[in-house]
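Generate coordinates for the entire structure from the input sequences, incorporating the hints supplied.
Here's the letter readout for the chains.
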Amino acid sequence: MFTQLFRVADPYHDLRHLQRQMAAMFDDLPRARRRAFGPAIDVLDEGEGYRLVADVPGLRPEDLEIDVTEDGITIRGERKPKAPEGYSVHRREREEFRIARSFTFPSKVDPDAVDATLDHGVLTITLAKRADAKPRSITVRSAA
Amino acid sequence: MSTDKTTQALSKQPEQTAAVHEVGDRPVLAPPVDIFENEHEYRVLADLPGVAKQDVGLDLDKGELIVFAKRDVVRVGEGLALERREGDFRRVFRIPDEVDVTKVEASFEHGVLEVRLPKSERTKPRRISIKAVA
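Residue numbers (the working numbering), protein chains in the order written: chain A, 1 to 144; chain B, 1001 to 1134.
Be aware that one or more of the hints could be misleading.
Far from chain A by the CB rule (all over 10 Å, computed), these chain B residues [said to hold, decoys possible]:
#1 VAL1028
#2 ASP1059
#3 ILE1066
#4 ASP1100
#5 ALA1106
Using 25 Å as the maximum straight-line C-alpha spacing, the simulated PhoX-like pairs for lysine-lysine come out as follows [unchecked claim]:
#6 LYS1103(B) x LYS1062(B)
#7 LYS82(A) x LYS1119(B)
#8 LYS1053(B) x LYS82(A)
#9 LYS1053(B) x LYS1070(B)
#10 LYS1053(B) x LYS80(A)
#11 LYS1062(B) x LYS1119(B)
Treat the hints as calculated values from the structure; they're not laboratory data.
All figures in this text were calculated on a predicted structure; none of them were measured in a lab.
Glycine included, each C-beta is placed from N, C-alpha and C at the ideal position.
So, in structure tokens, the structure goes:
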């Protein structure tokens, strides 16, 4: 009975315990796992549409998979740089990565008006906003 | 030459891969590299995304290989996510003496630079056959 009371007296006990567990979990994430979050991506709102730019050096078009809905986009891709056969390795900094990124846009896009290009290791995707989501300027009439 | 010694010789900036140095008002990024070696050559690969072929430069001077590239990150509109780092690429490597600097070749594909540094013939290991004394 008293134990029960004391436990209730510290309402944050469970929360703190959970917090500690979470912190421990993230600290334990191996480096390789953290890297898997992948390449740097910019997402820009250009008014008429959105532009998504990702640094993906070494990827070929066939390594990428892009799914678009009217609400967002998902990009998947993988890079596994291999050491050439018969060579010894002095330095391995170019990382393996796996992209699996989803973005939800603040307004609807037209899934039929999407263009994706890969140029010098940079993926650029342009998406047009749906006509009813584009900004409109309203002319103010004089009431006179 | 032992492996450790070669690694030291090849990479002048071993721990500075992620470092950002300011040169003038443009930040400079050290690109990640892979370095491989076999009996004939060294191969250096560097990630240079977003760089045009004509903006990649390679200098061989006084036993150093300098890789540099100009990159412009142009952004229009409102940024909803901005992760790409701005800056030019630059990295310096010390080249082992055995490299024949007149035969260095480079190619650039999909944003990855590959430099091949052949070893000169006279420094390649040679197997000496032992002649039996008749």
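Checked hints:
1. With a closest Cβ-Cβ approach of about 16 Å to chain A, VAL1028(B) is found to remain outside the 10 Å limit, as its non-interface label requires.
2. With a least CB separation of 20 Å from chain A, ASP1059(B) remains clear of the 10 Å interface cut-off, as annotated.
3. Remark: the non-interface label on ILE1066(B) is consistent with the geometry, its nearest Cβ contact in chain A lying 17 Å away (cut-off 10 Å).
4. Even its closest Cβ contact with chain A, about 18 Å, leaves ASP1100(B) beyond 10 Å, as expected for a residue assigned away from the interface.
5. The claim that ALA1106(B) lies off the interface holds: its Cβ sits roughly 15 Å from the closest Cβ of chain A, which is beyond the 10 Å cut-off.
6. A hinted pair counts as satisfied when its Cα atoms are at most 25 Å apart, and LYS1103(B) with LYS1062(B) qualifies at roughly 16 Å.
7. Annotation: proposed proximity of LYS82(A) to LYS1119(B) holds, straight-line Cα distance about 22 Å (limit 25 Å).
8. In summary, the hint linking LYS1053(B) to LYS82(A) is supported, as the alpha carbons are separated by about 23 Å, within the 25 Å threshold.
9. Only pairs whose Cα atoms come within 25 Å are accepted, and LYS1053(B) paired with LYS1070(B) is accepted, the gap being roughly 10 Å.
10. With a C-alpha separation of about 23 Å, the suggested pairing of LYS1053(B) with LYS80(A) holds against the 25 Å cut-off.
11. Taken as a hint, the LYS1062(B) and LYS1119(B) pair is honoured in the structure, with Cα atoms around 16 Å apart against an allowance of 25 Å.
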